[in-house]
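Position chain B relative to chain A; hints supplied.
From first to last, the protein sequence lines are chains A and B.
So the first sequence is numbered by the numbering used here: it starts at 2 and just counts up by one.
So the second sequence is numbered by the numbering used here: it starts at 2 and just counts up by one.
Please keep in mind that the hints were generated in silico from the structure rather than gathered at the bench.
Any given hint might turn out to be false.
Here chain A is said to cover these stretches of chain B; the calculated rule only asks that three of the stretch's residues, wherever they fall, bring their Cβ under 8 Å from a Cβ of chain A [as the list claims (entries may be wrong)]:
no., segment
1, 33-47
2, 277-289
3, 310-320
The beta-carbon is built from N, C-alpha and C at its ideal position, and this holds for glycine as well.
2 protein chains.
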Amino acid sequence: MASKENPEGMNTENGKAAIKTAEEIFEEFKEHSVAEFFTKNKQMLGFSGKVRSLTTVVHEYVTNSLDACEEAGILPEISVKITAVGEEHYLVKISDNGPGIPSENIGRALGMMLSGTKFHRYMQQRGQQGIGATGCTMFAQLTSGKPIHVRSSTGNGKIYECNVSVNIKTNAPHVSDMQEYEGDFRGLEVMAEFADVKYDRSEYSPLEYLKRTAIANPHAEIMFIDPEGRKVRFPRVSEMLPERPKEVQPHPLGLESHTLYELMRASPARKVSSFLTTELARVTPSKVDELKAVLPQFDFDMNPRDVTWEDARRLVAAFKKVKWVAPSAEGLRPIGNEQIEISLRSLLSPEYLSVRSRPPKVYKGGVPFIVETAIAYGGKAGARTEAGAVGGEIMRFSNRSPLLFDAGGCAITKAVKSIEWKRYGVGEFDTTPITVFVNIISAFVPYTGAGKQSVAAEPEVVDEIKFAVMDVARDLQRYLAGKVREETRATKRKAIIRYIELLSEHLPLLANTGKKEELQQKLTFLVFEKFKADEAAEDQKEKKTRVLMEEEGGEGEGESGKIEFDEEDM
Amino acid sequence: MASKENPEGMNTENGKAAIKTAEEIFEEFKEHSVAEFFTKNKQMLGFSGKVRSLTTVVHEYVTNSLDACEEAGILPEISVKITAVGEEHYLVKISDNGPGIPSENIGRALGMMLSGTKFHRYMQQRGQQGIGATGCTMFAQLTSGKPIHVRSSTGNGKIYECNVSVNIKTNAPHVSDMQEYEGDFRGLEVMAEFADVKYDRSEYSPLEYLKRTAIANPHAEIMFIDPEGRKVRFPRVSEMLPERPKEVQPHPLGLESHTLYELMRASPARKVSSFLTTELARVTPSKVDELKAVLPQFDFDMNPRDVTWEDARRLVAAFKKVKWVAPSAEGLRPIGNEQIEISLRSLLSPEYLSVRSRPPKVYKGGVPFIVETAIAYGGKAGARTEAGAVGGEIMRFSNRSPLLFDAGGCAITKAVKSIEWKRYGVGEFDTTPITVFVNIISAFVPYTGAGKQSVAAEPEVVDEIKFAVMDVARDLQRYLAGKVREETRATKRKAIIRYIELLSEHLPLLANTGKKEELQQKLTFLVFEKFKADEAAEDQKEKKTRVLMEEEGGEGEGESGKIEFDEEDM
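Okay, chain A solo, but in the shape it has when bound (with noise of 0.2 Å):
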């Protein structure tokens, strides 16, 4: 393939490639929907590898049945169903317990793109975008050819069964063959086909999915059959429902000067300061007045409609020159450390396990999240390859929903690896026995992509875990310390006593007199409370280190600067 030299810039036509002039390039300008976007770049969305596709499937469906539960109050059961229909095409059967999808929003909640209920809010679900399921209906479409089929009611009743489909080219959907009937049933049923996928037990199958779905919702109740008709039931391990997120107002610190300029635009307020302090968290009329002094010559009485974009930007400079007390975390629900336990005490039966939960941070100034961390050391904790090597392993999870895919580009692992593992005394990461769990809660998770596998690396966030793993990390190296220092006495006290029974034996001989169970006794005493102060000082030295090293691995709170955590969110 000769290329020709070209100092004019201008290509001659060769045969192979016409050379073209702008208004020829232009003249194939196309628009496309979303849908056909996402139709060319499925693995975006998850769908790259048979397995990982499968999976994603899974994954999709369950959390939104645990969103739909939760938000109706209802404690989920949802079961999950594989069964072979070909050589890599299988039919996915999912059904849950939740409120069900009404008739009329059956077509536009799984065969529409960006469309849905979850959008626009702010507040901690799982799903966020509107494009999970409907990604679902459009993968089975492309790989199978059918459309999926639904079965809803919203328990007043009335069932619906429909086939739900995508039209790719207009992102519109497509309803056929609605069926209206009476019955007692309240859920949603899916029905799915989907080719091209791969049904295994890796560390990244379905079955791997829905046992850490488990582990981070302990009142589910979830069960699954395998293509191979094997069942795996998760039971419920707690009759405690979660209490249901709640929709929080933005932080003036969260908000960029286009949202906050939005915000005023669609206000019903009369005037800026009613708009702050009724639409805007932690704004009181003496917070108001903080601001008039910081922004003397602005008219805080002017209608927010009114305000321009530079009115916004003026507003949110000011917003940072005030000091706030930190958004509510109150709308947030972490799993607990009681439920964290009972789960990975089932699941790993660990030698050691530590659980943390730390008090609510907030990244980008203004958007607060929570991390709870654990570790679990020996029994069934860390990574088995293959060949059987044992090391360190990371479950990662955000608002409950496992994350098992994308691992290296996401903050939870960056944080973990960039932990320095030998100053806790566990040796290197990837060599040692344990799991790490991670769960980060928020209203605005920053995935790095519309599959939501991996959080990106917010500074703050990357920091946070950081700070909660090695919390967890300390605890684990007091337990192992403690487990060396107690070996070391009892192999110590061994020696002792053999020493004892054998200078209580000869020295009576030696000496011709006393008893030989007197003398044992006594040197028992005497050396043994020698030892017990020796210990006592071992101890207290060990906890002073403990206390510095608390110090110094710091809660990195004081860099957040203008903000005052509230008592009450803590």
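Relative to the frame of chain A, chain B by itself:
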């Protein structure tokens, strides 16, 4: 925060979060534009982190300029200027000498997502999706509140200037202040303001991005002026305009049922048989006969527009039973060994450099791609930490565009890290001064996200990158082994020469006979004749090992099964 036990599955209003019925939940049902989606998920476009965001802006515009110049057959001259206009607030001005955008297309090209000229093509391009440039417009709006300013001319004497913004709610472009005047200019110039971004000179900076762009595009002339006014010129080092990549027809093995079905529905052909021979690659009349033998029931005279999805599926299954000539990689344009060598030598001044390109391969059955690799050792090769330590560096490229971000999840990183570097005599990858260069060329690079910074780990792609890097790693191994052998031999020679000198001096004295010079000459001859034979045997042995290793490293070609590569393409 107390949670309520709720065995009934129906929670009560608790004053904090209302429990909702399906009807209430779906009252909030909304539809959103793709612009709105990416506004909420800016990180998916690469707008995460202050430094990365600014580099993403430069990346998107430069990518478009290079693509446009390539398509129009113009040797590119690109100038990038970044000026600080406030704290974390910059003006970016990028201009090129490309074909320009016709005035009527400016709005949609720069202010509407998912529109463009590239989306639907089977052709190698840097950009793909019609998202990048509009993403920048949106990011400018969101952070600075200002539209972008555009100057464009197709070189017909008329210059257009206007402002462009995106209506985020509707994804419609908004063009304002359009001016038309006469002038002698051809190309595109964009000026846009971005706040909440940061300029630095790190490995993730615009400067590093442009440096790597220059490496992979030696035919481009790039000028950069940084915020402190420093000029950096990356001069054109090759006057050779790369041949324009060619649009290719889809290969039977690269088609999914859905795509085939869509192609047939849109085909002007009258019969399936003529559709196959005219619109797909590598389908000859005799291949149609082979297909007929595989599918005796199928009517190849049918109108392609009457074909059902199931028919398409059967055809795709039949394609897999016929032996095909591999898809043409003729449309692909690698950088070429010579150009890569010039670029890397001038950048790294390495002690050793090996550059290789391998024959085209396919992934997903029928998507052709080419991997180009190089390995540089010593000199300025390798990554340097701030502390001065040197480690292995991976320079990732796809279609000649540098990939600076999301390294963790990238197929290139995975492939390089999966290699047992110790086998190649270079110790640990992370502590060796090597730079591994990888460029993937394809009409469809499977990116993991819309930010196009990471290649999805399709198994065939990972394998091919691994084999390609192993090729250059073996070159390096031979060089290093040779170096060690040479050093050992030189030491041996020196020792022997010293010995001969001594011997030649003392022997005549002891024996009282002969001349020192004569003896020395004879001894030297005798010893080095033997030496040469030894060295030759050693070299022979090394050569045998190499062949064995290459056989073992494998081409992996046997696996693709039904594919024969066409001689022309090699």
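Structure-based check of all given hints:
1. 33-47: holds (count 10)
2. 277-289: violated (count 0)
3. 310-320: holds (count 4)
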